[in-house]
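So the protein sequences, as listed, match chains P, E, W and G.
If you want this note's numbering, it's the position in the first sequence, counting the first as 1, plus 1.
If you want this note's numbering, it's the position in the second sequence, counting the first as 1, plus 1.
If you want this note's numbering, it's the position in the third sequence, counting the first as 1, plus 1.
If you want this note's numbering, it's the position in the fourth sequence, counting the first as 1, plus 1.
Just so you know, these hints were derived from the structure itself, not from any lab.
The beta carbon of each residue, even a glycine, is placed where N, CA and C say it ideally should be.
Each hint should be verified, as a subset may be incorrect.
Claimed, not checked - Listed next, with one range per pair, are the computed distances between beta-carbon atoms:
#1 E/109 to W/106: 50 to 56 Å
#2 W/85 to E/122: 29 to 35 Å
#3 P/12 to G/253: 51 to 57 Å
#4 G/142 to P/124: 41 to 47 Å
#5 P/21 to G/146: 22 to 28 Å
#6 G/277 to E/85: 40 to 46 Å
#7 E/193 to G/94: 35 to 41 Å
#8 G/253 to E/236: 54 to 60 Å
#9 E/181 to P/83: 50 to 56 Å
#10 W/106 to G/146: 44 to 50 Å
#11 G/254 to E/139: 44 to 50 Å
Stated by the list, open to error - Taking lysine to any residue pairs in the SDA-like style, the calculated list, with each CA pair at most 25 Å apart, reads:
#12 E/17 to P/239
#13 W/17 to E/253
#14 G/12 to W/17
#15 E/17 to P/12
#16 E/37 to W/258
#17 G/37 to P/85
#18 G/37 to P/257
#19 P/234 to P/85
#20 P/37 to E/253
#21 P/37 to P/146
#22 P/4 to P/239
Protein chains: 4
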Amino acid sequence: MVKQLNEGILKEVIVKRPADSYKGDYGHVLLIGGDKQYGGAITMAAQAAVSSGAGLVTVASDSVNRSALHSRVPEAMFVDWSDLEVLMEQIDRSDVVLLGSGMGLSEYAVSLVKRVLMQVSSKQVLVVDGSALTIVAQENLMFPRETFTIATPHQVEWERLSKIQLNYQHEIQMNDVQRQMLNIDILVLKQHHTVIYSSDGQTELEQGGPYQAVGGMGDVLAGIIAAFVGQFKFNMTQTVEAAVYAHTALADQMAAYNYIVRPSLLADGMANFMARYQSNFD
Amino acid sequence: MVKQLNEGILKEVIVKRPADSYKGDYGHVLLIGGDKQYGGAITMAAQAAVSSGAGLVTVASDSVNRSALHSRVPEAMFVDWSDLEVLMEQIDRSDVVLLGSGMGLSEYAVSLVKRVLMQVSSKQVLVVDGSALTIVAQENLMFPRETFTIATPHQVEWERLSKIQLNYQHEIQMNDVQRQMLNIDILVLKQHHTVIYSSDGQTELEQGGPYQAVGGMGDVLAGIIAAFVGQFKFNMTQTVEAAVYAHTALADQMAAYNYIVRPSLLADGMANFMARYQSNFD
Amino acid sequence: MVKQLNEGILKEVIVKRPADSYKGDYGHVLLIGGDKQYGGAITMAAQAAVSSGAGLVTVASDSVNRSALHSRVPEAMFVDWSDLEVLMEQIDRSDVVLLGSGMGLSEYAVSLVKRVLMQVSSKQVLVVDGSALTIVAQENLMFPRETFTIATPHQVEWERLSKIQLNYQHEIQMNDVQRQMLNIDILVLKQHHTVIYSSDGQTELEQGGPYQAVGGMGDVLAGIIAAFVGQFKFNMTQTVEAAVYAHTALADQMAAYNYIVRPSLLADGMANFMARYQSNFD
Amino acid sequence: MVKQLNEGILKEVIVKRPADSYKGDYGHVLLIGGDKQYGGAITMAAQAAVSSGAGLVTVASDSVNRSALHSRVPEAMFVDWSDLEVLMEQIDRSDVVLLGSGMGLSEYAVSLVKRVLMQVSSKQVLVVDGSALTIVAQENLMFPRETFTIATPHQVEWERLSKIQLNYQHEIQMNDVQRQMLNIDILVLKQHHTVIYSSDGQTELEQGGPYQAVGGMGDVLAGIIAAFVGQFKFNMTQTVEAAVYAHTALADQMAAYNYIVRPSLLADGMANFMARYQSNFD
């Protein structure tokens, strides 16, 4: 049986913050991605992470992306991803690592994915998105067993990872055996109606529409998931469900006055959206 | 007989998107332009293409323009136009190629125009704007016969291309013989009242005003045309008519509270404009 | 007798544009300034020029300023000011040259001021602002006799240029002899109540307030003057008066809800301001 | 006895400016910080300083931060902090020096902190924030005796500086002996309820909430303090109290419609906030 997501998940997860708390309580999120071609992707993920409430956000990217990032998100810190020593230190200090948005498929990207998968530990939650998923599939890599891992493929990326052909995805999807073989704790399978798989079962998102069919939407979703996971000390599945629901619910609201929803605007709108749905329970 | 454009064209073309659709369904638009002097032009074209609903937008430009592009349009991907191999691959993957906005008249620009005209095939629609039109005229190049080609000259550029002197343009304009000689499928002749010529005949735009007399307006129009052509599976002439009409209708609305209409603001306003005029037919 | 400026000057100068007109009719404005330290100044001048209705705006500046300029004003074109050949061509094609905003006092700036003063002809209007005024004073340069010249010093800069000590400026100010000696056609002397001197006499601005005491206000004024002079075919003194009045009237309006008025916001607000004050006479 | 801050402090400090005044009357604020990693911090401090009414703002930073700074704050001037000669001249010309926001802990940062502490004189007010506080503690440096010094540590930074362990801070805090030993004239100790210590006693801020737990909030506060100190000729303690109160009061207002308050938006909102609280007394 597939559970349907509804607005209730927001009130459950987006709780009022305790008065006496600090940025360190809301997660240090490290976003790794953005090569010379896809730098906008990691910037949009950073916008989303900051606006969704991450306590601290650091972007590790190609140095050509520093200026544009800081023009849009001065709140984010920047690490040149070619400096591996600094990057590995950053991973150790992080609570959440988002790997893959706009990172491309270059040799360096491949080596970086391998290096990051080795460095993360049980102290981090790992969110894997975009080209990092393709790299994991192509290189037959394993997600790290001791790190809680959330993967956010669209259907073609899932086909590469799971070896389940697109046509069969609706029937087979992800069962427990597969989940354990791949070391994916939560799978967010992006499709017409996004489905979330975890050991808690399967949840479907009925909301959303074709106004979301814009390059960059996935990067923003990944940033929101990373921020939610970093700050909400809660059942992990429900936290991811809330992130997925929030992303689409805000898009739906924006679609009332936009033919398409620009991902960068959606990202910046999260702080306001969350205020309207936070519960007063803390 | 010259047909007059009116608001009806918007409802015909800007239809509600089918629910189960993906960014790939709305066109991969490649924008080639922007040298060290005119980088703002290609950025404004990209703003327009993203805001008008293109599924994916890639900009190929001089690398000095990457930061400003991503500051304004993180949704767009970036290719350094000096890397010809990557650029040619991008062309092959594109549904629409916009060539010329702010690309200048350098030797490199000339060689690039020649190279792009050779690379495009029947799989792409080609939109040719700005300095690429001057280069085609100066170098006596031909538009590719197998590629559907839309040219968007202003009157002086048209004079260069067609060898029809400015004074005679109102009388002669473009007839079928000329259209076939030049391999232009649709001509958008920008003048006081813009006229669109195609095998379907001739359409005139009565709307618009002198608040549009700002550098950059043409770049935004080119971006809108590219996005429309990439996403609306429709009679091509009517799709271009809708793009031309939308560009000017939004300018007219903005002119109610602006002495001049800034092209960059017009570009960003398209997503909202289109929402107000979309038909519910899908 | 000193004439007081009032709102009437706006209706006289900011006329409705004729329907059949082109960006070439509204002036090609070239802004020269912005070294490695003061790049923001030329960007704010460009924002003001574009928003105030200049048909075409080109910025000649240090190349480090290109990205930030295009992030804020993609409508402006960019020329690296170290390429003198291109710069001199740009001057020849311009209707208005604004020289000096944020250009600094380096050796290169000095040589550039000398070169520009030699290149401008009777076809250009010259607006001289900021450090260019100090350079002209220090180097004992002359403004070009055949070019209509507008100088916009604050009091200390005027002291350097005119050799009239600050204490005596209220008594002496600029008489016809001085105006002719310095080859300044219009002097905009920025002080508590700005005064405009020309062969038409003397006009004072009573409006304005201390919320304008923010670095960058003068750069924005220079950009507005350049745009007005480029587009309004009118008595030159009144055109400058309208620019000065508009700059301060908009600041006054913004001060109703801002403790200080940010020059960059004032610049972007000009298109809206002008719409509210344009006359329907054309 | 600990005094509680309330809205009254705003009316006392944020007075209407005298009509006949100039940007020089409102302070030249020099902000030193922002390395290759933390460039966003100094940009947010600059946004805050400009929006809060500083007459002139100069940023001394790593040159990689110039473009993003000018994209967001063209009002600020820029000095490459590796050019020590120019930087020392800038210090001499400044009324307020803010040292430390996002400057990191590199060898160069250490040498720079030492150099700046030697260069400031009785003519400047010094605000020390962020990593500069850690450097002062690690290197056992002294704040300069002849310069009025405001330190803005959070609790961990204060522990390093004062050698008072975190657990004991509530009991001991800063007494007169410590204040004189460290040469800190005003201590702004950032914690759940921020406390301000000076020779005038101790003031506590009850306002504020966990929506402020976002990286960058401290940088914005430092920028507001620098701007207030530069422009308000007033009891220094009360001026700092007003800055601290304003920063949090605006955050509280923004939290009504934002789950978290983005520091960059708070910074830009200061000009409007101050207009609503200025007194008409001048």
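So, going through the hints one by one against the coordinates:
1. E/109 to W/106: 50 to 56 Å: violated, 36 Å
2. W/85 to E/122: 29 to 35 Å: Between residue 85 of chain W and residue 122 of chain E, where Cβ atoms are some 44 Å apart, the hint is violated.
3. P/12 to G/253: 51 to 57 Å: violated, 23 Å
4. G/142 to P/124: 41 to 47 Å: Violated: the Cβ-Cβ distance is about 34 Å, outside 41 to 47 Å.
5. P/21 to G/146: 22 to 28 Å: Since residue 21 of chain P and residue 146 of chain G have Cβ atoms about 36 Å apart, the given range 22 to 28 Å is violated.
6. G/277 to E/85: 40 to 46 Å: For residue 277 of chain G and residue 85 of chain E the Cβ distance comes to about 57 Å; the hint is violated.
7. E/193 to G/94: 35 to 41 Å: For residue 94 of chain G against residue 193 of chain E, whose Cβ atoms are near 54 Å apart, the range 35 to 41 Å is violated.
8. G/253 to E/236: 54 to 60 Å: At roughly 56 Å between Cβ atoms, residue 236 of chain E and residue 253 of chain G fall inside 54 to 60 Å, so the hint holds.
9. E/181 to P/83: 50 to 56 Å: holds, 54 Å
10. W/106 to G/146: 44 to 50 Å: With Cβ atoms ~35 Å apart, the hint is violated.
11. G/254 to E/139: 44 to 50 Å: violated, 60 Å
12. E/17 to P/239: violated, 33 Å
13. W/17 to E/253: The hint holds at about 14 Å.
14. G/12 to W/17: violated, 45 Å
15. E/17 to P/12: Violated: residue 17 of chain E and residue 12 of chain P sit about 32 Å apart, past 25 Å.
16. E/37 to W/258: Roughly 40 Å separates the two Cα atoms, so the pair is violated.
17. G/37 to P/85: With a Cα-Cα distance of about 15 Å, the restraint between residue 37 of chain G and residue 85 of chain P holds, given a limit of 25 Å.
18. G/37 to P/257: violated, 41 Å
19. P/234 to P/85: violated, 30 Å
20. P/37 to E/253: With Cα atoms ~38 Å apart, residue 37 of chain P and residue 253 of chain E exceed 25 Å; violated.
21. P/37 to P/146: Answer violated: residue 37 of chain P to residue 146 of chain P is near 31 Å, above 25 Å.
22. P/4 to P/239: holds, 12 Å
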